[in-house]
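As they're listed, the protein sequences go chains V and R. Note that the working numbering has the first sequence beginning at 1, numbered continuously upward. Note that the working numbering has the second sequence beginning at 1001, numbered continuously upward.
Worth flagging that the hints you see were computed from the coordinates, not collected in a lab. These numbers were taken from a predicted model, which means no experiment stands behind them. One or more of the hints may lead you astray.
Pulled a few chain V residues facing chain R out of the computed Cβ check, cut under 10 angstroms [said to hold, decoys possible]:
hint	residue
1	25
2	66
3	78
4	80
5	109
6	112
7	113
8	126
9	148
10	155
Derived list of chain R stretches under chain V, where covered just means 3 residues or more per stretch with a C-beta under 8 angstroms from a C-beta of chain V [to be verified]:
hint	stretch
11	1048 to 1061
12	1220 to 1227
13	1236 to 1250
14	1412 to 1424
15	1435 to 1441
16	1454 to 1460
No more than 20 angstroms apart at the CA atoms, straight line, and that leaves these computed lysine to aspartate or glutamate pairs for DMTMM-like [stated by the list, open to error]:
hint	chain 1	residue 1	chain 2	residue 2
17	R	1206	V	152
18	V	61	R	1232
19	R	1206	V	24
20	R	1028	V	56
21	R	1028	V	417
22	R	1233	V	56
Positions of the beta carbon are idealized from the N, C-alpha and C atoms, including for glycine.
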Amino acid sequence: MSEKKPQAAPAKPKSFGWIAEYVDEHSLLAASRKVRDSGYTKTDAYTPFPVHGIDEALGIKPTILPFIVLGAGFTGLFTALILQYWTNAYDYKYIISGKPFASWPANIPVAFELTILFSAFTTFLGMWALNGLPKLSNPLFNSERFDRVTNDRFFLHVDSRDKYFNRESVKDLLAGTKPESLEEVVEDSSPTALPSVIWLGLGFLFCASLVPVAVVLNMRAGNDENPRWHVFFDMDFQPKKKAQQTTTIFADARIARPQVPGTVARGSLVNEDPFYLGFDPTKQASLNAANNIRLVSAADDKAEKPADTAPDTASEKSATTDPVKADEPAKETPAANPPAPTPTPAATPAAAGGPNLPWITEFPLEVDASLIALGKTKFEIYCSVCHGYAGDGDGLVHRRAEQLQQGYWLPPTSVHDPRIQAQPIGNIFYTISNGKGKMAGYGTVLSPKERWAIVSYVRALQRSRNANIEDVPVEMRAKIEEAKKAE
Amino acid sequence: MASISINPREIDNTVELPGQRAPLITGKQTFNSVTEMVCAVAEKPQPMLWYILFGFSSLTALMFVSLIGYLILTGVGIWGNMSPVFWAWPIVNFVFWVGIGHAGTLISAILFLFRQNWRTSINRAAEAMTIFAVICAGIYPGIHVGRAWLAFWLLPYPSLNLWMWPQFRSPLLWDVFAVGTYASTSLVFWYMGMVPDIATYRDRSKTPLRRFIYGILSLGWTGSSRHWLRYEKAYTILAALCAPLVLSVHTVVSFDFAVSQLPGWHTTIFPPYFVAGAIFSGFAMVVTLLVPVRAIYKLENLITLRHLENMNKIILATGSLVGLAYATEFFIAWYSKNQYEGFTFMNRAFGPYWWAYWIMVSCNVISPQLFWFKSLRVSPIWMVVICIFVNIGMWFERFVITVTSLSRDFLPSSWGYFNPTMYDGLMFFGSFGVFMTLFLLFCRFLPIIAISEIKGIMSIEAHREAHDKARASGGSHHH
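Turn these sequences into a full structure, and let the hints guide you.
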């Protein structure tokens, strides 16, 4: 193929030598030895499988492939070691699990794999390169008989380029080896150059393949204001407001959104539900708002009108919804006291030093015997030490303090004190939760349900001093009558 | 063409006769008859069964590809992976498929180095199975990384975006290198082995298109003895490279687990235990595939009962090794007096995943023991049944290792129970579709038996027979 061929049109195709065909490997080996001993060197045997002994029979030298692979293996090994050292111990140092940056034991697996990888690909590519393959056109393929070389026939070829090649003598020599057939192969007369259309197509493909590269490089090197082209957006683009910038995301140009009416923010139920507080925070908020308006108007000289209207609406609201809670939202304020909202006679908790809050008066949970029993248990554990088992304010601690004549001892309040009796249950709950005076708060110790249980028990204790016979269930009355008689 | 001695009758060559070598292939084959038999697989019209299987498996593969698309668009949340079991079915399936792949390389490389000539009938199909199994395996970690389109970050390339490098002290990165090297080297080994046989296909082609495609694929192979000598040398070198490679791959896969601190993972027995399990499952898959293939394509004389029996013996040996490894894990858990290790193994056998553990033990330890009986070892039906059980067991082994250890670690407050979703199941099933589609295409278009290697062995056998005969008759023989 690499030979220059005479281009004269009528010229006979140039000979590529003779091929002799054999039916088994033994006759091929015998023929090969004969050809070798006759001095021919540009010879080759073609077989369906590797025939052992053919290298000796034809005088073929061993391949240098193993040495090339050895070199590639070392290259792979050092590539891996340098790569790992340079990346992890030099260019991008990163502490992980306290391992050293240059951790040779940890580098063994990758070094091993790259050694294999480099060696394997060198073996594969090196073998084909040394064999001169791929070579898709071969004069031998012109012979039809040669198709059986990959099936069951063995061929011996003496090349016309051998320096001792003589058409007739080679033919005689091969004929003497009793081949199945003997044939002269001719060079392929078809043009070897690729058609220009294919070159054009390949050139076009090459140029086309440069376009994406050019686009990428342009984007890398260029200075475009526009964002990159994104296949996957991830979270690269989101509507957001940055500091010192306005936004059009919301109509009011605010990003911190007010709470949606009628909703409770996650985790803030404890600040929203009377169950956790003992008072109604929404009412308190409206009262506060009224207070704030009053404060503003008080500070303002000409503020007669808003000060009048605002508290009116506030007190009106609280009066209609909850009479107990209506007490003095404005009492704390130093500002001019507006018309007093429906004064409840007994309710003057402000006098006792407690906060004025819109206390709830209904239990926010179902009150039954088990709740009161729970309240009794918890009251006797936590409260009775000071307040006494019956709530008279004569617990063990108090009595001991009396014994020691502690001058600074402030006696615990009796729950039967009319002042306490008049307190809404929300206030009692608040006191249990947050403490009052010397009393510590029990909100961190007792769950809201337990605190409400104690409130229910306190109410039961209070009732026990102010009950009449009608309060006792009919079937129990006889028992009380008997006890009375026995007295 | 000459008359072909295809003899579809089953010839029992599993009997050992004293003083005689059992034939590797049966039916008095010639070079031509071997060529004819193997080429008939791709040249004759495929049986109806092929079309049915191909239709079913390609639809399944299509479903798998669609589900991957759905996964990428939606996120890995469609799987059941949930705290504390973040390595669930994707990693189980990955290890399962990689393990199956090991048999091909073992047959083609290690049996070659040990001069086990019987490998020639089965190595090509086994290597193809390796490639297809590794493809299935490689998909899972690729899509498990979450943002699959950034999976190339695993490679050490100089990046202008990240300004950082992969972390070479992590077994997960070793895995990238090990599985990557394994996949590419196996592909090269498989293709190189096929080139002379593709040349056979080329030379028999009746249509120009076939001749052109096989001509390109066979690279102009002529069977020149110079080429053969370099080719054989290259084949030996590749086998010598692949033998340690195949052992290293599952060793590194086991490092993914063993290098962590988790009880049940943190053990030094993992590398040999994983490699034994991989060979075990891979041979079972080869037997499962080759029994129907030899029946459908009438290859009983090339893939003989003796080949299958030899593979079953290896399954018996590796199955016993795996059983020993299970017992050793329990022994070490007790002997180490490590309370976490002890708990983990009691939890595996008697905890919430007891069912998975006992499926694993009965399939992997008990079922291969049936191969002690020769009647089962040479019965195609029985060996397929047992091999399917072995692969069920090997999937459950990876499930037990991955999920039981993760679901109950040191901290009882973080314990959980893994529940797979529909997508876990469909995607595992879908990977079988990919595998079967590729294997059926391989049968249809490529030489499923190494024709030239069988001919080489036939030549050697004939030579040896002549030698033995000459010696028996008292005559002297010269090489």
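Minimum Cβ distance from residue 148 of chain V to chain R below 10 angstroms? holds (7 angstroms)
Per the CB criterion, is residue 112 of chain V less than 10 angstroms away from chain R? holds (6 angstroms)
Taking 10 angstroms as the limit, does the beta-carbon of residue 109 of chain V come near enough to a beta-carbon in chain R? Since the shortest Cβ distance to chain R is 4 angstroms, the answer is holds.
Just to be careful, I want the Cα atoms of residue 1028 of chain R and residue 56 of chain V compared with a cutoff of 20 angstroms; is the pair within it? violated (30 angstroms)
Pair hint residue 1206 of chain R and residue 152 of chain V, alpha-carbon separation not exceeding 20 angstroms: holds (18 angstroms)
Per-stretch coverage check for the stretch 1220 to 1227 of chain R, three Cβ contacts closer than 8 angstroms to chain V: Holds, because 8 residues of the stretch 1220 to 1227 of chain R bring their Cβ atoms closer than 8 angstroms to Cβ atoms of chain V.
Using the nearest Cβ pair, does residue 66 of chain V come within less than 10 angstroms of chain R? Cβ of residue 66 of chain V sits 6 angstroms from chain R, so the hint holds.
At a threshold of 10 angstroms, is the proposed contact between residue 155 of chain V and chain R supported by beta-carbon distances? At 8 angstroms from the nearest chain R Cβ, residue 155 of chain V passes the 10 angstroms test, so the hint holds.
Interface hint for residue 80 of chain V, Cβ within 10 angstroms of any Cβ on chain R: Since the shortest Cβ distance to chain R is 8 angstroms, the answer is holds.
Can the restraint linking residue 1206 of chain R and residue 24 of chain V be considered satisfied, given a maximum Cα separation of 20 angstroms? violated (26 angstroms)
Is the shortest C-beta separation between residue 113 of chain V and chain R less than 10 angstroms? Holds, about 4 angstroms.
Would the hint linking residue 1028 of chain R and residue 417 of chain V be met if the CA-CA limit is 20 angstroms? Roughly 117 angstroms between the alpha carbons, so the hint for residue 1028 of chain R and residue 417 of chain V is violated.
Hints 3, 11, 14, 15, 19, 20 and 21 from the list above are not met by this structure, while the remaining hints are.
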